[in-house]
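Undergrad: Sequence:
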Amino acid sequence: MNIDVLLRKNAVSFSVLLSGLSFWGLYTETQNVFSAAAITLLTLALVFLAVLVCDKVFKYSVSLKGAVKTPVYFVIFWFFAFLSCIFLYTAFTVELSKTQAIISGEFEGGRFSSLFAVLSLFLALYMGKRDAISISRIYFLLLPLLLLPYVITAFDFIGQGMDTKELLRGEAFIFDIKYIVYPLSSFGGVLLLFPLTNENGKGPGKSKLSDFLWAFIFMAVFCVLEYAKYIVWFGKSGLEFINRPDRTMLSQVPFMNIQEIYLVSYYTAYMLKISLFCTCARKYFEKILKKFGLKEISYVRAGYIVTAAFCIISYTLSFIFEEKISFIYLCPAAIALIFAVILLQGILRIIKKRLFAAKRYRNLFKKA
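Under my numbering, the sequence shown has 20 at position 20, and the numbering climbs by one with no breaks.
Mixed in with the good hints, there may be bad ones.
BS3-like cross-link-like pairs, simulated, lysine-lysine; straight-line CA separation at most 27 Å [what the hints assert, rightly or not]:
1. 291 <-> 352
2. 353 <-> 56
3. 56 <-> 352
4. 59 <-> 129
5. 59 <-> 324
6. 69 <-> 352
7. 98 <-> 178
8. 178 <-> 129
9. 129 <-> 290
10. 69 <-> 353
11. 353 <-> 65
12. 56 <-> 291
13. 353 <-> 290
14. 178 <-> 324
15. 295 <-> 69
16. 352 <-> 59
17. 69 <-> 291
By construction, these hints were calculated from the structure, which means they are not laboratory data. Nothing here was measured: the structure is a model prediction, and the numbers come from that model.
Work out the full structure: start from the sequences and follow the hints.
TA: So this is what it looks like as structure tokens:
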């Protein structure tokens, strides 16, 4: 693979990971931030393992000779994956509607309206109009904007002393389900790159492990550096009282209008994520309609309309439950369901190809 292509694909994968992290943030509201950091890295490793499994199954299913007809029951898998993508869109949109007013006073008093959410949805659908090509280009181009707030906060340490005594005090390891929920919600979206690839292994959409490996390595290093910045700046004991230390550190940079920078970066992360969710939801629904024999122009148009309609309905219904449940806790379930669909598709395709090959060999043996 060309080194330029390798770097670009890893940059896109890293951008997918970073956009989730920029949106939800590293979890720090704990008495032992080292436990949260360790489980964050473990969760990132588990997501990479899931990507590795999907990649291996995908490649093996492509490498087997023979073309098999997609079973009708795949429609059920695709529909559940479609609903999972819709839910992920809803969870991110609900979180944005709650957080936007906190970031900037300009959005207080109900200024964040449902109309803004609908306009963002239409923009997300437009961003993914060319599927993997559009998504990869947009993620690649906007990666510097995601990195900007984290780079700027490095200037907080200029002229500041560091108290390292607190870092030497050992504490017992503790566990909280939030340690897994937050990083999984941030990083798990990278699995949605697989539905955008060409299932027949033709064209530029075919995935390779090298497209993800360095992205995960850089993300692990990035998480360690960010946790180190937070611990040094706020201290282990003070960090648990800070909701978003990245935003707080950004506000400490002198001579800059920081809130607007953070708001732009935060909204960019949101748009990148929902563009991926909406595009994958549309592609899954198009597969369903295509399976029922609709013409391409019909199922493409219907895919946009139905995806937009389900997103709007889901977001509207969320107002009924937003005071009762925290949507982030259900994000891992949606990601796990998408992973299961991707995996089952590959495994069943392998089984069908093997059965088809065995049947062909038996027929050749009988003829001989």
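Undergrad: Hint by hint, note whether the structure agrees.
TA: Each hint tested on the structure:
1. For a cut-off of 27 Å, the pair hint linking residue 291 to residue 352 stands: about 17 Å separates their Cα positions.
2. A threshold of 27 Å between alpha carbons decides the hint, and for residue 353 with residue 56 the separation of about 16 Å falls inside it, so the pair holds.
3. As the CA atoms of residue 56 and residue 352 are separated by approximately 17 Å, the hinted pair is consistent with the 27 Å bound.
4. Distance restraint check for residue 59 and residue 129: the Cα-Cα separation of roughly 26 Å lies within the 27 Å cut-off, and the hinted pair is therefore satisfied.
5. Proximity of residue 59 to residue 324 is assessed by CA-CA distance (about 43 Å); at most 27 Å being required, the pair is judged violated.
6. Between residue 69 and residue 352 the CA atoms are separated by roughly 9 Å; this keeps the pair inside 27 Å, and the hint holds.
7. For a cut-off of 27 Å, the pair hint linking residue 98 to residue 178 stands: about 19 Å separates their Cα positions.
8. Restraint check: the Cα-Cα separation between residue 178 and residue 129 comes to about 35 Å, which exceeds 27 Å; the hinted pair is violated.
9. Taking the CA atoms of residue 129 and residue 290, the gap is near 18 Å; set against the 27 Å cutoff, the hint holds.
10. The hinted pair formed by residue 69 and residue 353 meets the criterion: a straight-line CA distance of about 10 Å does not exceed 27 Å.
11. A C-alpha spacing of about 7 Å is found between residue 353 and residue 65, which places the hinted pair at or below 27 Å, so the restraint holds.
12. Between the alpha carbons of residue 56 and residue 291 the distance comes to roughly 26 Å, so the proposed pair stays at or under 27 Å and holds.
13. At roughly 21 Å between alpha-carbon atoms, residue 353 and residue 290 fall within 27 Å of each other, so this suggested pair holds.
14. The straight-line distance between the Cα atoms of residue 178 and residue 324 is roughly 17 Å, inside the 27 Å bound, and the hint therefore holds.
15. Using a Cα cut-off of 27 Å, the hinted pair residue 295 and residue 69 holds, with the two alpha carbons roughly 18 Å apart.
16. Simply put, residue 352 and residue 59 have alpha-carbon atoms about 15 Å apart, close enough for the 27 Å limit, and the pair holds.
17. For the given pair, residue 69 sits about 10 Å from residue 291 by alpha-carbon distance, which is consistent with the 27 Å threshold.
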